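Top to bottom, those sequences are chains A and P.
Position 13 of the first sequence, counting from 1, maps to 13 under our numbering, and the rest follow consecutively.
Add 309 to the 1-based position in the second sequence for our numbering, that's all there is to it.
Please note that a few of the clues may not be correct.
Claimed, not checked - Over the 10 Å line for every Cβ pair with chain P, so calculated as not near, a few chain A residues:
1. Ser70
2. Lys103
3. Lys150
4. Leu245
5. Ala253
Stated by the list, open to error - Computed Cβ-Cβ distance ranges for the label pairs, DEER-style:
6. Glu229/A x Phe387/P: 54 to 62 Å
7. Glu246/A x Pro438/P: 45 to 53 Å
8. Arg364/P x Phe15/A: 13 to 21 Å
9. Phe380/P x Ala12/A: 16 to 24 Å
Said to hold, decoys possible - Only some residues are given here: those of chain P computed to face chain A with a beta carbon under 7 Å:
10. Leu424
11. Ala427
12. Pro429
13. Phe436
14. Val439
15. Leu441
Hints in this document: simulated from the structure, not taken from any laboratory.
Computed from a predicted structure; not experimentally measured.
Quick reminder that beta carbons are idealized off the backbone N, C-alpha and C, glycines included.
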Amino acid sequence: MISKKVQHSVVAVWFSAVCFVLLAPLHAQVTAQTVNIVDEGVPLQATAAGDGQTDASPTVTSLPSPSPESTELANLRAKYRTELSIYRTDEREFSIAKEQYLKLQTLAALESSVQATRKVMLSRTAVLQTYLEILRLMVSNTSGIDVDEKAALIQQLGNGIDRLKTHQQRVEQAVDRNLILASVQDFNTFNTAVVDISYKSLSYIAYGRLQTVYDKTASVKAEVLANVEKEEQNGLRLGEKRRALEEIDRSLASTKQNLDAVRSTFQPTQAGRVQTFDASSYGNTIEKLSTVYAELYRNLSFLREVVSK
Amino acid sequence: MTDKKVTPEVNETDVLSNQTTFFEQELLEQTPPTMPVEIDPDFAEKEVARKKRKRQLILGGTVGVVVLLFFVAGVVLFMPEAVPRLTATPSPIPFGQTPAETQLTRRLNELETDLRAADPIEIDTPFPPVNLTTLYLDVPPR
Numbered sequence: 001m002i003s004k005k006v007q008h009s010v011v012a013v014w015f016s017a018v019c020f021v022l023l024a025p026l027h028a029q030v031t032a033q034t035v036n037i038v039d040e041g042v043p044l045q046a047t048a049a050g051d052g053q054t055d056a057s058p059t060v061t062s063l064p065s066p067s068p069e070s071t072e073l074a075n076l077r078a079k080y081r082t083e084l085s086i087y088r089t090d091e092r093e094f095s096i097a098k099e100q101y102l103k104l105q106t107l108a109a110l111e112s113s114v115q116a117t118r119k120v121m122l123s124r125t126a127v128l129q130t131y132l133e134i135l136r137l138m139v140s141n142t143s144g145i146d147v148d149e150k151a152a153l154i155q156q157l158g159n160g161i162d163r164l165k166t167h168q169q170r171v172e173q174a175v176d177r178n179l180i181l182a183s184v185q186d187f188n189t190f191n192t193a194v195v196d197i198s199y200k201s202l203s204y205i206a207y208g209r210l211q212t213v214y215d216k217t218a219s220v221k222a223e224v225l226a227n228v229e230k231e232e233q234n235g236l237r238l239g240e241k242r243r244a245l246e247e248i249d250r251s252l253a254s255t256k257q258n259l260d261a262v263r264s265t266f267q268p269t270q271a272g273r274v275q276t277f278d279a280s281s282y283g284n285t286i287e288k289l290s291t292v293y294a295e296l297y298r299n300l301s302f303l304r305e306v307v308s309k
Numbered sequence: 310m311t312d313k314k315v316t317p318e319v320n321e322t323d324v325l326s327n328q329t330t331f332f333e334q335e336l337l338e339q340t341p342p343t344m345p346v347e348i349d350p351d352f353a354e355k356e357v358a359r360k361k362r363k364r365q366l367i368l369g370g371t372v373g374v375v376v377l378l379f380f381v382a383g384v385v386l387f388m389p390e391a392v393p394r395l396t397a398t399p400s401p402i403p404f405g406q407t408p409a410e411t412q413l414t415r416r417l418n419e420l421e422t423d424l425r426a427a428d429p430i431e432i433d434t435p436f437p438p439v440n441l442t443t444l445y446l447d448v449p450p451r
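For reference, chain A alone in the conformation it holds in the complex (with noise of 0.2 Å):
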């Protein structure tokens, strides 16, 4: 015979068998209709392909977005940061360690001392080697930059970090107090060319974004002005948009203007001077792109009231 415990069982599975075969049909239902939903979907503007406004039109989306962050940027930022805290740390060291050598003038002190310059050194090449090739990354991913001008300032910016990594080498090497002077002179060399490239870097970024963003404004521009002379039927609010879009044209032409001054900060003088980059250089490029900026930030505005009226 089978027992009450067997038989309770598969009164069990017969009752959820019944259950679910009710039951399941309700959630395909659902499935069903979730997909019934997209299938009859009316035309997504976002998205429609078929959309005559986006076909006639199709520069801006084009264009990149002026500042993308791709993985492998985040991926080197991700670095640069424990790197630079490993930095912090050794610096910290470094300064005990030196502080106390002066003070005390042992031998023990001094080899203390020596290996936590070389320690620091170290880590400070790594976080300069790490920066240097995000900003290659980015003015690699920025697009409102000259071609050959890009090109150019990739060469340096890899020379940079192959410098860094013999500099490093050397560092690595540098096992006595001598050599650690060795290394500190060496260091001195080309700092101020990493400096250099760091900050020129920093300045094409920042205008080649502008840049990036200017020429999707004058795109946009253009395509306002089709849709005004395509749609408006009212011939005096025709004239008044036409006016709109002629100084907004202006105001462009001025931002183009500034943005080309911006530029010619970059390259080498009539005299054949070359320019040269700092955080002083880099804060007067900063402030004439912030005048850009807000010329950028009217012409939208100037957009918005002719696309609104």
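Position chain P relative to chain A; hints supplied.
Just chain P, lined up with the frame of chain A:
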């Protein structure tokens, strides 16, 4: 005296004409004649086998249903769901705007997002705060 009991001879006519007795009258203690029954010697074994087969059938059916349930549940649960293609909910067309104007408004919104991202004041990669000049043990000769 003889012990032999003499039974009177029953005449059919007498019996039929007798109104005080029933035709098929039987004595109370007399057992009715029974037909000989064929007794199967393997009856008990067959009965046990039949019940066993029934039990196996029920259990087998139950196991089958369980397997079927799992299979159907697996199919239903792991069935590739409809990929939601509605990534961007279309914004309602503002009152008084044509679809083309709405499209332009969207472009202007995108432009504003890009412009905000290009703000030169906001530096996302400042020069690293490292000591470039005084990181030494002995002052290097100039």
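Evaluated hints:
The Cβ of Ser70/A sits about 14 Å from the closest Cβ of chain P, beyond the 10 Å cut-off, so the non-interface label holds. With a minimum CB-CB distance of about 14 Å to chain P, Lys103/A clears the 10 Å threshold, and the non-interface call stands. The Cβ of Lys150/A sits about 17 Å from the closest Cβ of chain P, beyond the 10 Å cut-off, so the non-interface label holds. Distance to chain P confirms Leu245/A as a non-interface residue, since its nearest Cβ pair spans about 13 Å, more than 10 Å.
Separation of Ala253/A from chain P is adequate, the least Cβ-Cβ distance of about 18 Å exceeding the 10 Å criterion. Remark: the range hint 54 to 62 Å for Glu229/A to Phe387/P is upheld by a beta-carbon distance near 55 Å. Distance hint check for Glu246/A and Pro438/P: the Cβ-Cβ separation is about 48 Å, which falls inside the suggested range of 45 to 53 Å. Distance hint check: the CB atoms of Arg364/P and Phe15/A are about 20 Å apart, consistent with the given range 13 to 21 Å.
A hinted range of 16 to 24 Å for the beta carbons of Phe380/P and Ala12/A is consistent with their spacing of about 19 Å. Annotation: interface hint on Leu424/P holds; nearest CB of chain A at approximately 5 Å, less than 7 Å. A cut of 7 Å between beta carbons decides the hint on Ala427/P: the least distance to chain A is about 4 Å, and the hint holds. A distance limit of 7 Å between C-beta atoms decides the matter here; for Pro429/P the minimum to chain A is near 4 Å, and the interface restraint holds.
At its closest, the beta carbon of Phe436/P sits 5 Å from a beta carbon of chain A; the interface hint therefore holds under the 7 Å criterion. The restraint placing Val439/P at the interface with chain A holds, with a minimum CB-CB distance near 5 Å, inside the 7 Å limit. Hint status for Leu441/P relative to chain A: holds, with the closest Cβ pair at about 5 Å, below 7 Å.
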